[in-house]
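The listed protein sequences derive, respectively, from chains A and B. Sequential numbering from 1 applies to the first sequence in the working numbering. Sequential numbering from 1001 applies to the second sequence in the working numbering.
Because the hints were derived from the structure by calculation, they are not lab data. Hints are supplied without guarantee of correctness; some may be wrong.
[Unchecked claim] Subject to a maximum C-alpha distance of 27 Å in a straight line, what follows is the list of computed DSS-like cross-link-like pairs (lysine-lysine):
(1) B:Lys1261 x A:Lys242
(2) B:Lys1311 x A:Lys261
(3) A:Lys242 x B:Lys1003
(4) B:Lys1129 x B:Lys1311
Predicted, not measured: the structure shown is a model, and the values here were computed from it.
Residues per chain are reported as follows:
Protein chains: 2
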Amino acid sequence: MNKWGTIATWRMSYEGLVAASQLLTEQNSAADAVETLIQKVESYQYYKSVGYGGLPNEAGVVQMDAAFMDGDTFAQGAVAGIEDVQHPISVARALSRNHYNSFLVGTGATQYAKLHGFTTTNMLTARAKKIWENRRAQLRRQSLNPYDGHDTVGAIALDQQNSLAVGTSTSGLFMKKPGRVGDSPLSGSGFYADSQVGAAAATGLGEDIMKGCLSYEIVRLMAAGCSPQQACDQAVYPFIQKLQQRYGQAGEFSLIAMNTKGQWGVATNVEFTFSVATSQSHPQILIAYPAEQQSTKIQPVTPEWLAAYEKRIKKPLD
Amino acid sequence: MNKWGTIATWRMSYEGLVAASQLLTEQNSAADAVETLIQKVESYQYYKSVGYGGLPNEAGVVQMDAAFMDGDTFAQGAVAGIEDVQHPISVARALSRNHYNSFLVGTGATQYAKLHGFTTTNMLTARAKKIWENRRAQLRRQSLNPYDGHDTVGAIALDQQNSLAVGTSTSGLFMKKPGRVGDSPLSGSGFYADSQVGAAAATGLGEDIMKGCLSYEIVRLMAAGCSPQQACDQAVYPFIQKLQQRYGQAGEFSLIAMNTKGQWGVATNVEFTFSVATSQSHPQILIAYPAEQQSTKIQPVTPEWLAAYEKRIKKPLD
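My request is simple: use the sequences and hints to build the entire structure.
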């Protein structure tokens, strides 16, 4: 078997990554693996920052962003602020086949999906609505920063034909203003792929990730000879320092990368879970933390962590 | 007087650049200079790819994109698919002051502008409507590629306090699909600025510019020691070759750059006019062409060229 690999952001990507690994083992394309991985996350109702079950914006509307990039050709497709569409990643992938009009936003994106036969559905679950109602009530009582929760599924795949693909999907920042877009659909910020080098994807506070074009920078550093881990460390940690110095603060963010050998890396300024599999290693969930001297500490996730996560995402709501 | 400078895309930027130069001479901020320059272009009815008088999308609706970036802090604001707003650049600049929700698209962007008191108006002029009607009739008669015309105003300013700012504004690709977004509002693709290094902005086929994150790459090359002209040449021409090899084609695009010394550069694969002024040189309009060995030929625009341009943009329509 030729080498292959796949890496994706957060615990929520694991079931999709297992499916993607199977596809890659069977010589399917990196593009199919990425789309399948992300579709699984979009479909699972308990993941509250992506697809069905994703948390709505301030107005109670689920507006989603997604992107797809083919590392062979640099072809990209993206949607932002799309509504009522079951699989934004599939719309993004379809758009990547267009030479013109490959990035659509707002009602134009939703109309395109409907016209082209993509499945539509109400993406607001009862649970997500309840979380939104609770949050609104809490914000009325207390003066809080309304914004937290911005976990994008970002996924990279390397197939046995040496092609790389990357995709992202998110319902964006919880309680965002209508029409708000983060880094996920933006080339070079949320994602980038070059099949002769490697690929990268981001999750976190999009407003800050796009200030550094971090996915592009990681791929560039790999092109200059860095391993994926070196590239992640060298792109992310100095940029966090720079943001703190120049902008006065840096939001939470985490990046993943994989190169043409199936080697991978991550960097983060929070506790960051991710899943990874290669032709040499079974699918697993790992957890990363920022460590000393601009490095990243990575270890297997514990059964206790996984149990607590499972309990948390399904916790009965008041 | 301390050094200052400003450079902006296309002939259409000239009147705004003269106003921006005056502001910079008087020690106003780079941010004010960029906003003023772009507002002038947005207001002029005969510039058919930006603001008032901009050509509509396929459905006859003028949807505009704009962005603003402060090179001191990396703060950014952007809008895409905004409608009925007189000065998209001013909305983008206002959004750049937000830590969250700094990039808004579609109806959310338009609502924000209305809520915050930005002037709204019907941006579709009788002339732009006529051009659209003629184009539709022509497309019904002939099987043509419907897309041409995608001239963004991109503007960079360096002020006497050594701050850099960059902005973009466009009505996008003529006859685009509803909701289509190009590179102009995308960080690193349409624009990028770092007051310790330099700034860059792009115009052309956004779908291809975003495949290379060209504005970020130019700023990065300047940080690595390149002059603005070297950075433009080294970022743009190899990428055009790479696109032709890997994607099979490369759209038209042109990039501008300026560094902290007020030195500037451009690169293009078409005939590309731009305007530039510095503390050492009066405002002028220059014309650039791709030249041998991945270089750029730049010369003053002729009176004949300017007269033909003036006649063309005001030509009576059938």
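Evaluated hints:
1. B:Lys1261 x A:Lys242: holds, 22 Å
2. B:Lys1311 x A:Lys261: Violated, at about 57 Å.
3. A:Lys242 x B:Lys1003: Answer holds: A:Lys242 to B:Lys1003 is near 26 Å, not above 27 Å.
4. B:Lys1129 x B:Lys1311: holds, 19 Å
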